[in-house]
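S.K.: Now for the letters of each chain:
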Amino acid sequence: MTNPELEHVLEWAAKAPHAVDVEVLERITRQVSGSLRPVRILPSEATIRLVLFLILVLVSIGGATCLGFGIDLWKPASPILWVVAVLGPQTATLTAAAMVPGSRKRFEPHVMLLSCTAAFAALFAVFTRDYRLDHFFSEGIVCLGLGALFAAAAGFLIWLVLRRGCVLDPPAAGISAGTLAGLAGFAFLELHCPIQKAAHLMVWHTAVIALSGLAGFRIGRFAQDLGTKRRAAEFMQ
Amino acid sequence: MWAVAALSLDVDPDAGLETLMEGYQRGDSDAAARLIGRVSPMLHRYLMVHLASRRFAGDLLQETWLRIHQARHTYRPGEPVLPWLFAIARHVRVDHYRKQRRVEDREQQVEVLPERPQPIPSDGAPDFQAILEKLPESQREVVFLLKGAGMSLEEVARATSSSVGAVKQKAHRAYERLRELLEGFTRTKYRNAP
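Heads up: the protein sequence lines correspond to chains L and U, in order. Start counting the first sequence at 1; every next residue gets the next number (the numbering used here). Start counting the second sequence at 238; every next residue gets the next number (the numbering used here).
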């Protein structure tokens, strides 16, 4: 059987009429008509993307303004911040797409999380020359805590945006939202933290993105399980 | 039929799904009724392809419309409607599968087998559902959306949250398998095709 023949047989078979119980259709129409009113359409993907990226910028700059800048503002921005400016909108796009069913998927959220983490770890390895390990844990924990705090703040704001849409895959949406929030925490650390030791930056600063992404996944999975449990309980009653 | 009876003159009878969806978003009950009437058979068939029971498919169709109703503000005018609708239907199906597993964990196995779908007799055409049943779940879904719903590769990729390349690969594998399976479908029968 050739390909066109196969296509023809499939199309022929698919054309056969398919009936739905009239009772079921009437029930659906009644339910829909009963609560039908005009709705405010979700803003365009570009607007949502912009809002999400602004959250990243505002949380990181706002945090550094409150706690102090650790870098010289009059010097050209570090290459790390340029990479944040590139990866931030990409992650915002992914998060905005998670809000709308049937959106075009450019890449997988976990790939984005891994790429961000690996890219920054590699950049620190390339651009930093200070390999001292003194106060590795004591300084690192403080940075991780602060980064996670600002990531949580960004995560809360991102959630406020996300809940306006319809998230069909909470774990995947959680990873992209968590990665974006992690980038906010990471960018804050880049602006605030004066430590320029390679190991400190590679481990503790980058860990904020990884932990935030994983936390997003766990929260998404929890939300999904909660929904399934609730619907299963309704079904059992 | 109910959907035809519910029509009014302000909705163009030949209106596209996009126009009906926009009317539904504006709160136009006629557009909503027409949309339900036009799309439900397709959604029901999609759910039937993956389920053993017609009753379950009916329940899931209702649940799908409930979700569509709740998420209708997320459809962006001008975008294709089918990927949006099937993405929601797919989610309801997957969610049902998860829920089913959770319920089955607490239940004892019964001896009665679930009812099988009854194919509607047609003009000698092969039973689409029976053909698809022979394929693995993911390939079945892709072939249904391409042939049953008439969606493009890009639209199927959007509905199934995957890439166009992955859809192409699944369709290719499904065609390979179907070619073997349909060898028995003789050329005499094929000649009866319209």
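Among the hints, erroneous ones may be present.
[What the hints assert, rightly or not] Derived contacts from chain U toward chain L, CB cut-off under 7 Å, selection only:
1) Arg282
2) Trp302
3) Arg309
4) Pro373
5) Ser375
No wet-lab data here; the hints were simulated from the structure. The beta-carbon is built from N, C-alpha and C at its ideal position, and this holds for glycine as well.
S.K.: For every hint, state whether the structure bears it out.
M.R.: Against the structure, the hints:
Given the 7 Å rule on beta carbons, the hint for Arg282/U holds: about 4 Å separates it from the nearest Cβ of chain L. About 5 Å separates the beta-carbon of Trp302/U from the nearest beta-carbon of chain L, less than 7 Å, and the hint is met. Hint status for Arg309/U relative to chain L: holds, with the closest Cβ pair at about 6 Å, below 7 Å. Annotation: Pro373/U was flagged as interfacial toward chain L, and the flag is violated, the nearest CB pair being 17 Å apart, outside 7 Å.
Taking 7 Å as the C-beta contact cut-off toward chain L, the hint placing Ser375/U at the interface is violated, the least distance being around 16 Å.
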